[in-house]
Amino acid sequence: MIEWYTVIEVAIATAAGVLCVVLGLFRVKPNDLSMGATALVELVLLGQLGIAIAAPLVGNSPTGSIVEFYIYLIVALILPLLAGFWALVERDRWATVVLGVACLAIAVMMVRMNIIWTVQIA
Amino acid sequence: MSRVPVPVTDQASPVVRRSLGVGRVLIIVYAILAIGATSRAVYQLVTIYSSARVPITLSAVSGVVYIVATLALLLRGPAWYRVAWITISFELLGVLVVGTLSLLDPALFAGSAKVSFGTVWSYYGIGYLFIPLVLPVLGMLWLRSRRDRAVDESAGA
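Top to bottom, those sequences are chains S and R. Residues 1 to 122 (our numbering) make up the first sequence, in order. Residues 1 to 157 (our numbering) make up the second sequence, in order.
Check the hints yourself; a few may be wrong.
Away from chain S, derived, C-beta distances all over 12 Å, residues of chain R [claimed, not checked]:
id, residue
1, R24
2, I35
3, V64
4, L92
Derived SDA-like pairs: lysine to any residue, alpha-carbon spacing no greater than 25 Å straight-line [what the hints assert, rightly or not]:
id, chain 1, residue 1, chain 2, residue 2
5, S, K29, R, P78
6, S, K29, S, I71
7, S, K29, R, W142
8, S, K29, R, S145
9, S, K29, S, V67
It is worth saying that the hints were derived from the structure and are not from the lab. The C-beta atom is built at its ideal place from N, Cα and C for all residues, glycine as well.
Please model the complete structure; the sequences and the hints are all you need to start from.
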């Protein structure tokens, strides 16, 4: 992982998450803004996937388990699709909150992925 | 012409779905926890099981229970309603028992250093932002608020 990208990633996912949760609590149904924010998080994750594939090739290998890292990454990649699909099927305000929760969960997963990549507890 | 259209409750699931309401948030959190706990447990079962049998087995069990709980919350009918109660009660019991044991005897669930963050339930779910502790309580409150509907459904079915 690249540190600055991780920071941006966590910041975007957190901001998108808070935005969607707040929008949802203000009874806004999923719209271009909340769906767009979630889509942006997905894009950023795809960028992370690219980095994760490329980084070891230039000598930046994970210090922790690469398999565990990819489990997190794949689950993170699935989450916006899952939440977005559900939001399209049932467009109520809680769908917006669901989008936000998914983004916030991704932010947490990013932090943990960064730990797997860089910090080892042993 | 005066015939009242038959309410197509089964096809008109939006009616039913809308009443999920805030429960949708609960369900997505359950789903995330279910996917997260299960996928990590599968990974640990395959790679480092022998180094920490107790915590990894526990993680796998909790992961499966979270999956069943997620489905039970999502699906309708009195049977699923009961399954939801059972699984959510099991989770609350799990997080309380394992949480307490992990405080009293850290070695029991520590396993090896490779098992980062311990089990879902260690230290009352601290590795998962205490969500495993809070979620069953919220789940029970939500189930209780839906009790009348579950009874109606069983009467209608």
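Exercise. Which numbered hints does this structure break?
Worked result: 1, 2, 5, 6, 9
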